[in-house]
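Asks: If you want the building blocks of each chain, they are given just below.
Number of protein chains: 2
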Amino acid sequence: MELAAGIDFGGTFAKIGLVERSGRIRARTQVAMDARESFEGIVRPVAETLRGLIAKEAPAERLVTIGIGTPGFIDKTEGVLIGGCENIPALQKRSVQQYLGRTFDVPAFAENDATSAAAGELAFGAGRSLSSFVLITVGTAIGGGLVLDGKVYRGWRGFAGEIGHLCVNRDGLWCNCGSRGCLEQYASGTAILRVYTEKLRKRGENPDSSLTTRGVVDRASAGDTCARDTLEEAGMWIAQAFGSLLNVLDLEACIVGGGVSEAGEVLLEPIRRHLPDHCWPQIGNGVSVRIAELRNDAGILGAAAQAFERLTR
Amino acid sequence: MELAAGIDFGGTFAKIGLVERSGRIRARTQVAMDARESFEGIVRPVAETLRGLIAKEAPAERLVTIGIGTPGFIDKTEGVLIGGCENIPALQKRSVQQYLGRTFDVPAFAENDATSAAAGELAFGAGRSLSSFVLITVGTAIGGGLVLDGKVYRGWRGFAGEIGHLCVNRDGLWCNCGSRGCLEQYASGTAILRVYTEKLRKRGENPDSSLTTRGVVDRASAGDTCARDTLEEAGMWIAQAFGSLLNVLDLEACIVGGGVSEAGEVLLEPIRRHLPDHCWPQIGNGVSVRIAELRNDAGILGAAAQAFERLTR
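For the protein sequence lines, the chains are A and B, in the order given.
Taking my numbering, the leading residue of the first sequence gets 1, the next gets one more, and so forth.
Taking my numbering, the leading residue of the second sequence gets 314, the next gets one more, and so forth.
Because the hints were derived from the structure by calculation, they are not lab data.
Keep in mind that the hints are not guaranteed to be accurate.
Claimed, not checked - Far from chain B, some chain A residues (derived; all Cβ distances over 10 Å):
| hint | residue |
| --- | --- |
| 1 | 12 |
| 2 | 33 |
| 3 | 45 |
| 4 | 128 |
| 5 | 132 |
| 6 | 158 |
| 7 | 162 |
| 8 | 226 |
| 9 | 243 |
| 10 | 283 |
To be verified - Here are the simulated lysine to aspartate or glutamate pairs, EDC-like style, with alpha carbons at most 16 Å apart:
| hint | chain 1 | residue 1 | chain 2 | residue 2 |
| --- | --- | --- | --- | --- |
| 11 | A | 151 | B | 462 |
| 12 | A | 199 | A | 229 |
| 13 | B | 464 | A | 149 |
| 14 | A | 93 | A | 105 |
C-beta: ideal position from N, C-alpha, C; glycine also.
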């Protein structure tokens, strides 16, 4: 059977999986990452672990491609990480794609992790039946991926999908991209934790310093009014961004993934409710707003999906 | 030789041209439109005029397709005008595409006029060498069209490209689309005339009530400070919209068309200057900001270009 390796680079570890064309994950593992390591120090253990995983779990199968997801801007031809991946500085200006492709002598494809996630949802998840959608991944930051006319959209150089940096508030907060008022400043996990903490203080409570975004989401799900108000606000900002995107791209669906999407309807309901305020009625009509399906497997499955897709083109 | 008819419906007349695949306009004419007429009352004279133009100017040639551009939302399969064309109410819910296709027994294709214009720039104009761009047409309103991965992008149902309704100012002016803060409210010809008039009054002058947007553009070109300030502001808003679009779509170029683009560098220079404030440096790097080339022929050539393109797919 033909397998793809799907590799998802994060700041603390790399997830590695062997994936069938059907989307079944045959085997998986992970490698701890030391972000202070050199490029070789990061990618060689990943290559060795992948080799070991194949030898142990799928010795008779054929590895046909390797898909790699990382944060940042990845040049779509050479796979060079051009920037925007400050968490793993050793990857900057280098190509994991070329390293792993040569090491395993198969076509390898590096991709922004949120665009990978969109490829995964298209092949195996919430986007299976859709011809066009935007996926936003709401985690510490906000990533985004686009599927247009049935295909993953990468843009001129491979940098498309920076939905977190759509301007939603022109005189608003400064963003680490250098612009002001980006969606990420208002609806990322970081923003949700900040807003919730501010709200608690203003309501006379003293927030627990160990509180996490996950904790805010859990409280909202449990009915905490202040946490629900916080997700309502985040949902309003996301609806505004979705509305502008729909006006520009006439999409079939808007999909929300990433850790914060675990909030489910507590986040989706305000997005759906506010969406008509932000797009033409004709364009908003019939658009589906839904949660991504691949959850914790999004990294591995997305990386594998985009590699399978690019292999067969 | 194979010819396409390119027909551009406006509020006061329809422009009709016979266009070669090279983009050469073999012959052209126009028909006065009475927007109060019935559907038949509007489209039959257009069909008769087209038949007469062929008989007179190209009797030996073969009409292979008819392209139609109109304002509004046009369903991309049946060519039905779903809405957004209030200037010509008789076209609403009807398909000029079907009427003319049957009348001439050739494939006909209706398209939003700004998306048509983008198809025209791609085939014959400022987008010839580009793989991806956004075109905004700045006239009374702001229209938009997208070319992605070398092809005209139409969206799920054919409604894509409503760049004029990208939100640039969330608490801003109400728009006729029902949302707030749309680009169209700040940078259309209508907005430019309004802002210029307001600025003049505040500067103690009494604006001539016969002043038009064209007049403001001419004054700016002639060095009038207040008119230049007005175009500077419009350029800033357009730059903000372009910046968000670049972050989302990673485009090779941003093109400005429509009557206001006659201002040339007086409008482009502020757009280029403000653009880096509104997108990632990696994404803005190398992006070309330019004026559309087809000008008064944009309607006919765009309609013909999108028909040729869809004919051969």
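Asks: Could you run down the list of hints and mark each one as holding or not?
Replies: Hints and how they fare:
{"no.": "1", "hint": "12", "in the structure": "holds (25 Å)"}
{"no.": "2", "hint": "33", "in the structure": "holds (23 Å)"}
{"no.": "3", "hint": "45", "in the structure": "holds (28 Å)"}
{"no.": "4", "hint": "128", "in the structure": "holds (16 Å)"}
{"no.": "5", "hint": "132", "in the structure": "violated (5 Å)"}
{"no.": "6", "hint": "158", "in the structure": "violated (7 Å)"}
{"no.": "7", "hint": "162", "in the structure": "violated (4 Å)"}
{"no.": "8", "hint": "226", "in the structure": "holds (23 Å)"}
{"no.": "9", "hint": "243", "in the structure": "violated (7 Å)"}
{"no.": "10", "hint": "283", "in the structure": "violated (5 Å)"}
{"no.": "11", "hint": "151/A with 462/B", "in the structure": "holds (11 Å)"}
{"no.": "12", "hint": "199/A with 229/A", "in the structure": "holds (9 Å)"}
{"no.": "13", "hint": "464/B with 149/A", "in the structure": "holds (11 Å)"}
{"no.": "14", "hint": "93/A with 105/A", "in the structure": "violated (22 Å)"}
Of the numbered hints stated above, those contradicted by the structure are hints 5, 6, 7, 9, 10 and 14, listed in ascending order.
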